[in-house]
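Visitor: Protein sequences, first through last, are from chains A and B. For the first sequence, my numbering begins at 1 and goes up steadily by one. For the second sequence, my numbering begins at 1 and goes up steadily by one.
Derived by calculation from the structure, the hints in this document are not laboratory data. Please note that a few of the clues may not be correct.
To be verified - Straight-line distance between alpha carbons at most 35 Å, and here's what the computed DSBU-like set of lysine-lysine pairs gives:
1. K22/A - K497/B
2. K306/B - K264/B
3. K504/B - K164/B
4. K264/B - K504/B
5. K497/B - K177/B
6. K264/B - K497/B
7. K362/B - K497/B
8. K504/B - K362/B
9. K164/B - K22/A
10. K165/B - K362/B
11. K22/A - K362/B
12. K362/B - K177/B
13. K164/B - K362/B
14. K165/B - K177/B
15. K165/B - K504/B
16. K165/B - K22/A
17. K22/A - K177/B
18. K22/A - K264/B
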Amino acid sequence: MIHALAIALACAAFLMLAASMKRHQRDLVGRAVPEPRARLARIAGWVFIAVCWSLEAVVLGPALGTIVWIGELSMGAWLAIAFINWRSGRPTR
Amino acid sequence: MKDSLRQSMALFHTWSGLLLGWLLFAMFATGTAAYFQDEITRWMQPEVTGSADPETSAQGAVRYLNTVAPDAISWYITLPNGRSATTQVYWQPGDGTRGKRGETSAVLDQTGRAITVRETSGGFFLYRFHFDLHYMPVLWARYLVGIAAMFMLTAILSGIVTHKKIFADFFMLRFGKGQRSWLDAHNVTAVIALPFHLMITFTGLVTLASMYMPWGIAANYASPAVFQEQVFGREPAAERSGRAQPLVDLAPLMRTASAEWGGKQVGYISVTNPGDATARVLITRSPGAAIAARGETAAFAGATGKALGGHTATGAAVATESVMIGLHTGRFAQWGLRWLYFLSGIGGTIMVGSGLVLWTVKRRTRLPDPARPHFGFRLVERLNIAAIAGLATGIAVYFLANRLLPADLAQRADREIDSLFLAWLAVGLWGMVRPAGRAWTETLALAGACFAAVPVVNALTTSRGFAASIMSGDWLFVAFDLMMIALAACFLQAAGKVAQHRAKNASAPPRRAARKAVSQ
Numbered sequence: 001m002i003h004a005l006a007i008a009l010a011c012a013a014f015l016m017l018a019a020s021m022k023r024h025q026r027d028l029v030g031r032a033v034p035e036p037r038a039r040l041a042r043i044a045g046w047v048f049i050a051v052c053w054s055l056e057a058v059v060l061g062p063a064l065g066t067i068v069w070i071g072e073l074s075m076g077a078w079l080a081i082a083f084i085n086w087r088s089g090r091p092t093r
Numbered sequence: 001m002k003d004s005l006r007q008s009m010a011l012f013h014t015w016s017g018l019l020l021g022w023l024l025f026a027m028f029a030t031g032t033a034a035y036f037q038d039e040i041t042r043w044m045q046p047e048v049t050g051s052a053d054p055e056t057s058a059q060g061a062v063r064y065l066n067t068v069a070p071d072a073i074s075w076y077i078t079l080p081n082g083r084s085a086t087t088q089v090y091w092q093p094g095d096g097t098r099g100k101r102g103e104t105s106a107v108l109d110q111t112g113r114a115i116t117v118r119e120t121s122g123g124f125f126l127y128r129f130h131f132d133l134h135y136m137p138v139l140w141a142r143y144l145v146g147i148a149a150m151f152m153l154t155a156i157l158s159g160i161v162t163h164k165k166i167f168a169d170f171f172m173l174r175f176g177k178g179q180r181s182w183l184d185a186h187n188v189t190a191v192i193a194l195p196f197h198l199m200i201t202f203t204g205l206v207t208l209a210s211m212y213m214p215w216g217i218a219a220n221y222a223s224p225a226v227f228q229e230q231v232f233g234r235e236p237a238a239e240r241s242g243r244a245q246p247l248v249d250l251a252p253l254m255r256t257a258s259a260e261w262g263g264k265q266v267g268y269i270s271v272t273n274p275g276d277a278t279a280r281v282l283i284t285r286s287p288g289a290a291i292a293a294r295g296e297t298a299a300f301a302g303a304t305g306k307a308l309g310g311h312t313a314t315g316a317a318v319a320t321e322s323v324m325i326g327l328h329t330g331r332f333a334q335w336g337l338r339w340l341y342f343l344s345g346i347g348g349t350i351m352v353g354s355g356l357v358l359w360t361v362k363r364r365t366r367l368p369d370p371a372r373p374h375f376g377f378r379l380v381e382r383l384n385i386a387a388i389a390g391l392a393t394g395i396a397v398y399f400l401a402n403r404l405l406p407a408d409l410a411q412r413a414d415r416e417i418d419s420l421f422l423a424w425l426a427v428g429l430w431g432m433v434r435p436a437g438r439a440w441t442e443t444l445a446l447a448g449a450c451f452a453a454v455p456v457v458n459a460l461t462t463s464r465g466f467a468a469s470i471m472s473g474d475w476l477f478v479a480f481d482l483m484m485i486a487l488a489a490c491f492l493q494a495a496g497k498v499a500q501h502r503a504k505n506a507s508a509p510p511r512r513a514a515r516k517a518v519s520q
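Just chain A, same shape as in the assembly (with noise of 0.2 Å):
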């Protein structure tokens, strides 16, 4: 259950990392985020993926720790596409 918990938390970095960047404001947040703003997503979004370093490093040490969050890493950015990508809604715009 470990990994649904860090992979929802890495997925959760992603989306934010996502609405700090200009062309997916729109989609996620609806409308264009002041740069401020955007920049402390951006800051929550790589403190979020640190976390996630340090709940599987706690959990499972430092060494398998490390490959489990790389692994947790990749689906939750998968999960943050298929997340704005049904936002933007397909399949042209």
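With the hints as your guide, set chain B onto chain A.
Guide: Structure of chain B alone, referenced to chain A:
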């Protein structure tokens, strides 16, 4: 300057990726399946049920070997782990002959009885094909695979340089935009699991590094055997003394060894000169019990049970190699991580596949006469069909053959493998003779249909169908059926997409012509 570097890298990426791309696709696909090789084997041996205890299994194996091969030079016992339920034994006959395959090995249950299962190579074949290929000498295959892996590594590195906007395009996956969509798919699958792709390619090379670069060992050791002995503690067998002495019970030795390794499970046991006063038992840690693949060993005197000392490969280089091989094979991975490995592998397979398709998509628009492409283009197009749809069909047929071939067929395991390649060849030939667009639709649909047939055939030929497996809580069989259905859905969806695309293209030119006519 920067642009010219990028251009040359793009050119390099295009060709290093293409040249052995078809082989890389097969390596990635079967290697990904190999993360579940034990599970695939269990599915392919539906006669085997339940689980087995390693200690009981070791005792059972000794009982079996004592009756079958009491005077063997050595016994090798692979114990069951959490994922498998059988013991595999292999022995070197006492007369020094190598013995025919199948005559010096057996699959046992935990009581030490040989199980009469259908003869199959199971998931192990997919694992071995991934680096040994088939129908060719293993040595050649490994060199070929090594060259392919080296190309892959350079393709990844040059791909990173070529990719202009790794961060800006990180989340970009646009559908329905032709070439742009293929590029997006290729980029996203590559970037999302980039650490995995780099790791898997590099560590893959490391697994066979001493074969690709034997000079380090050649320069420092008298022979590879001396290297093995000094670094890994593999001593040559002593002469038999001729004084018979029964082997001690292995269970206490296993417990001693396991305790020495901090509770890690035993994976393999080998016994040299069994039944003799000089017998020696070597217990090796299970590769699944730690990240490092090369397990610690513990040696015991077979006649007395006296500990002869253990051996842990020491030295930073050996430890690094051991961890890298462990990372590549992922034997240490529990369920969650195993699925992450598998999904990353799927991503890698899609990355290679989409890269191959992208090569043709990019060039199709630039062809002087799209109706009659030149030979090179046609070749790549057809090889893509053969590699992608052909291999998928082949793997599905491999599973189907496992259920449909008669259980008592001679050399049954080989026939299963042959059916994989026959199906692959058939799809490849089909792709050659049909128009490319239509061939894609047909072969992808065929692959989908074959995967869809697997759960049906399984339900009809065994008592472990989908419903029965759910009722008995047999999640391995349930998951296998679901995976087959998911693969079938993906391939059928892809076939539908290609058909749709073709229909759109077919109707486009007349419309354009009509518009032209109106404007004139």
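Visitor: Each hint needs a verdict: does it hold in this structure or not?
Guide: Verification of the hints:
1. K22/A - K497/B: holds, 31 Å
2. K306/B - K264/B: Holds, because 21 Å separates the two Cα atoms, which is no more than 35 Å.
3. K504/B - K164/B: At roughly 31 Å apart (the allowed maximum being 35 Å), K164/B and K504/B satisfy the hint.
4. K264/B - K504/B: violated, 60 Å
5. K497/B - K177/B: holds, 13 Å
6. K264/B - K497/B: violated, 50 Å
7. K362/B - K497/B: holds, 18 Å
8. K504/B - K362/B: holds, 18 Å
9. K164/B - K22/A: Satisfied, since the Cα-Cα distance of roughly 18 Å is no more than 35 Å.
10. K165/B - K362/B: holds, 19 Å
11. K22/A - K362/B: Holds, at roughly 29 Å.
12. K362/B - K177/B: holds, 13 Å
13. K164/B - K362/B: holds, 17 Å
14. K165/B - K177/B: holds, 19 Å
15. K165/B - K504/B: Given that 35 Å is the threshold and the Cα spacing comes to 31 Å, the pair holds.
16. K165/B - K22/A: Satisfied, since the Cα-Cα distance of roughly 14 Å is no more than 35 Å.
17. K22/A - K177/B: holds, 21 Å
18. K22/A - K264/B: Cα-Cα ~51 Å, so violated.
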